[in-house]
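Assemble the complex: chain A is given as a structure, and chain B with the ligand must be docked to it using the hints.
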Amino acid sequence: MANLVIAEHDHGSLKAATLNVISAASVIGGEVHVLVAGHNAKAAAEAASQVAGVAKVLLADGDAHAHRLPENTAAQVVAAASAYSHILAPATPYGKAVAPRVAALLDKAQISDIIKVIDADTFMRPIYAGNAYATVKSSDSVKVLTVRGTAFAAAAKTGGSGVVENVSPIADSGVSTFVSAELVKSERPELAAAKIIVSGGRGLGSGEKYREVLTPLADKLGAAMGASRAAVDAGYVPNDYQVGQTGKIVAPDLYIAIGVSGAIQHLAGMKDSKVIVAINKDPDAPIFSVADYGLVADLFEAVPELASKL
Amino acid sequence: MKVLVPVKRVVDYNVKVRVKADNSGVDIANVKMSMNPFCEIAVEEAVRLKEKGAATEIIAVSAGVAQCQETLRNAMAIGADRGILIETDVELQPLAVAKLLKAVVDREQPQLVILGKQAIDDDANQTGQMLAALLGWGQATFASKVEIEGNTAKVTCEVDGGLETISVKLPAIITTDLRLNEPRYATLPNIMKAKKKQLDTLKPADLGVDVTPRLTTLKVEEPPKRKGGVKVADVAALIDKLKNEAKVI
Ligand SMILES: Cc1cc2nc3c(=O)[nH]c(=O)nc-3n(C[C@H](O)[C@H](O)[C@H](O)COP(=O)(O)OP(=O)(O)OC[C@H]3O[C@@H](n4cnc5c(N)ncnc54)[C@H](O)[C@@H]3O)c2cc1C
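So the protein sequences, as listed, match chains A and B. Quick note on the working numbering: the first sequence kicks off at 2 and runs consecutively. Quick note on the working numbering: the second sequence kicks off at 432 and runs consecutively.
Hints in this document: simulated from the structure, not taken from any laboratory. Heads up, the beta-carbon is just placed ideally off N, CA and C, and yes, glycines get one too. It is possible that some hints are incorrect.
Restraint ranges, calculated between C-beta atoms of paired labels, are given here [as the list claims (entries may be wrong)]: (1) B:E580 x A:G208: 24 to 34 Å; (2) B:Q629 x A:D11: 43 to 53 Å; (3) A:R189 x B:K483: 36 to 46 Å; (4) B:I680 x A:A56: 17 to 27 Å; (5) A:K275 x B:Q629: 52 to 62 Å; (6) A:V28 x B:G593: 27 to 37 Å; (7) B:D641 x A:V165: 25 to 35 Å; (8) A:D285 x B:I680: 52 to 62 Å.
Lysine to aspartate or glutamate pairs mimicking DMTMM-like chemistry, simulated, CA-CA at most 20 Å apart [what the hints assert, rightly or not]: (9) A:K138 x B:D453; (10) A:K221 x A:D254; (11) B:K674 x A:D254; (12) A:K310 x B:D665; (13) A:K138 x B:D553.
Isolated chain A, as found in the complex (with noise of 0.2 Å):
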């Protein structure tokens, strides 16, 4: 049987997530599909169609899937669901939004955040802000997860030569409608794909210390900038740049933490970086016990000195 990836794209292209998703679905063996359910969408699933590993690509297009509500695409996926022993979507908000609905409809088990395929049923994935590690062995015939993107590297973009095939979209669910979005836009690189991060903390004081500085050592490294929830929640910056066990989970080489204190919860989302750099004026803060190079330091002092010299 085949493996299907539900694809987070902007109808234009996909989302770097995907990717990773792919590669799982490749390490699980069997042909890999990837459902593209999206509002002129000929694009992205072209762009699906070229990734390394895959063989074939759903395009379902319709007004149904303009703003890719889950309840459309849950149902859109389960329409093609019957051909497929493995169906899985990036564990971002878009995925864990539809695959737990999709496995519910199926009445399936989900099994969320992926991080090892062991066998075909059996996977293993974090538990409690990642302080353990449960492999988990499924006994349903259809398998439905969600997987960590920072855990499979991602599948190249070029190389493949899947077939589109155009698939007849659903009809609204009538449930639910879009009212408005307010992306954050950026220069930068995405988070979830940066190679290096400079991420701050209640430390920082304010949103425009934090902007003041932060962002010319961000500018330096060409690195995406990130938060703790406590500089999220103070109104710092966006909700979008929250690291940890509830925001996003990144791996870069190069991690800084600056004025972060190191709660489990914001470990959750880091600690698998490469190298970590914490700078913290508290010597005893538990962010130096999984840093790489520890400096304590007041952060207004050394930050823009580092930026300066680099």
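Below, chain B with the ligand without anything else, positioned relative to chain A:
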């Protein structure tokens, strides 16, 4: 409008759990248990809806061991009007919980179910969406703002890239994100009052639901530990390490 709020009893968020030596699970004996923080936010939101006049009755539901009564009392101390415990010692997985909740929804006919987006023990983030699917209702997940307007809920949801506002027809499911509200502390008089509120106990069989787990946990292990790092003396030393030792810049 009746509002149903499912609440889960979990290991307190301040506890760093330990994996059992035999790798069968995490050790939760003698560990502090609390209401899942996201469920607390759900209860608080329901109470605010009631205070605004949008909700008339709040029913808290919990599924699990007998001690979940404490979690329900806690929800009632925050402001839920009554509680339902679905008591079982069987390990409950999200699909089973969603089926139990569907049976309760069928009995109670609420117009809105507010759940936490995830429980901080299994980190599954599934139950609300599954319940929505089983009921054929709309879902607004990861909510950071909720407004009831006639027979719809206008909900701002946290998504990748920022915020998205959707309008969901009632009855509907809402799952809460951290920034929806800050739950109040239960005051002593309210804790006392909560002890007298109605709490009914059911068994999964009373609801006709099969809760047999679909997933078997084969093993639970410690994640790989990071090697301890070093403290550097100053910014110059940090730059030197990053350039010449770690070679990441
Ligand atoms: C259910 C739940 C989910 C959560 N999910 C997340 C999550 O996904 N992500 C997350 O990050 N958190 C999460 N949290 C919150 C987490 O528990 C912490 O409260 C939060 O991470 C703390 O943020 P912080 O480190 O910025 O703030 P604080 O803990 O206040 O730390 C600020 C740090 O800045 C340092 N500092 C202050 N001034 C200076 C200075 N001038 N120079 C240098 N250092 C300075 C201080 O020494 C301190 O260590 C969650 C909590 C709960 C209950």
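Hints versus structure:
no.	hint	in the structure
1	B:E580 x A:G208: 24 to 34 Å	holds (31 Å)
2	B:Q629 x A:D11: 43 to 53 Å	holds (49 Å)
3	A:R189 x B:K483: 36 to 46 Å	holds (39 Å)
4	B:I680 x A:A56: 17 to 27 Å	violated (40 Å)
5	A:K275 x B:Q629: 52 to 62 Å	holds (55 Å)
6	A:V28 x B:G593: 27 to 37 Å	holds (32 Å)
7	B:D641 x A:V165: 25 to 35 Å	violated (41 Å)
8	A:D285 x B:I680: 52 to 62 Å	violated (27 Å)
9	A:K138 x B:D453	holds (18 Å)
10	A:K221 x A:D254	holds (16 Å)
11	B:K674 x A:D254	holds (13 Å)
12	A:K310 x B:D665	holds (12 Å)
13	A:K138 x B:D553	holds (15 Å)
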